[in-house]
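Please build the complete structure, drawing on both the sequences and the hints.
Residue numbers (our numbering), protein chains in the order written: chain V, 2 to 115; chain F, 14 to 157.
In short, the hints are calculated from the structure, not lab data.
Every clue listed holds true.
Residues of chain F clear of chain V, computed beta-carbon distances all greater than 12 angstroms:
1. Ser73
2. Gln84
3. Arg88
4. Pro94
5. Lys101
6. Thr109
Stretch by stretch, here's where chain V covers chain F in the computed footprint (C-beta under 8 angstroms, at least three residues):
7. 25-33
8. 36-49
9. 61-69
10. 123-132
List time: in silico DSBU-like cross-link candidates among lysine-lysine, alpha-carbon distance up to 35 angstroms:
11. F/Lys90 <-> F/Lys129
12. V/Lys75 <-> V/Lys5
13. V/Lys75 <-> F/Lys41
14. F/Lys45 <-> V/Lys42
15. V/Lys75 <-> F/Lys54
Being a predicted model, the structure only gives us computed values, none of them experimental.
For each residue, glycine too, the CB sits at the ideal point set by N, CA and C.
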Amino acid sequence: MKVKEIARLLDARIICGQEHADYSIDVAFASDLMSDVLTLKNDNVLLITGLANMQTIRTAEMSDIQCVIFARNKRVTPEMIALAEDNELVVLECRYSVYKTCGLLYEAGVDPIF
Amino acid sequence: MAERMQFEYNVEGGNFSRAGFASSEIKKILKKLNVDIAIIKRTVVATYEGEVNIVAHAYSGTIYVNIDTEQIRIRLKDEGPGIPDIDKAMEEGFSTASSEVREMGFGAGMGLPNMKKNADEMHISSEVDKGTEVEIVMYLNTKE
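Here's what the structure looks like:
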């Protein structure tokens, strides 16, 4: 599923990385614990999280994650956007809870990792 | 590439907004050197966990990077409280991290074990009230 289709499905705002909205997502993972994210081996992972800080973006960078959705209406800071842009990440803000976000994505056919 | 390259980065204890800066620089260098992407990922994930550990637990630290045609060797040396029981620290789920560290998405007792999983070799030594040194080695030429 493409990031732009995900944005439409979740009524989410693309905060940065609009030019990469054609990235294709294979699987999704939801966590507020970055250590868990850092154990993933998969490629083309979509991260859904409610943890909005610099380490979320850093973790995506280190894990080669190209798209992060901040659920529960969490806001991305300008510092986070700058780092995300440096790393060509697509960042979305979504007002839905992590549960609803995951539910909608699962229903739309985005596979889990485990 | 040149036969041997060396870099070093200072890491400031407690500065969470900067945690990951050194690992990010190392990732850029490895990409430029055309290191296999799977090795890059394992290297930077392990380094980043180590860098977060320094920020979370130590007063200051230095990350020394040595790259040659055979391996990447990264030494994370800090001045800090040290680890009284290394075996315990290596157990998944054991953590002494502060609530501040947990708020950053870490501190679940997974850092050192995850470093070990990603590295081809890991060596750790520590002295209480002095500091800790963790070295990871990544092999560049082995096909798994």
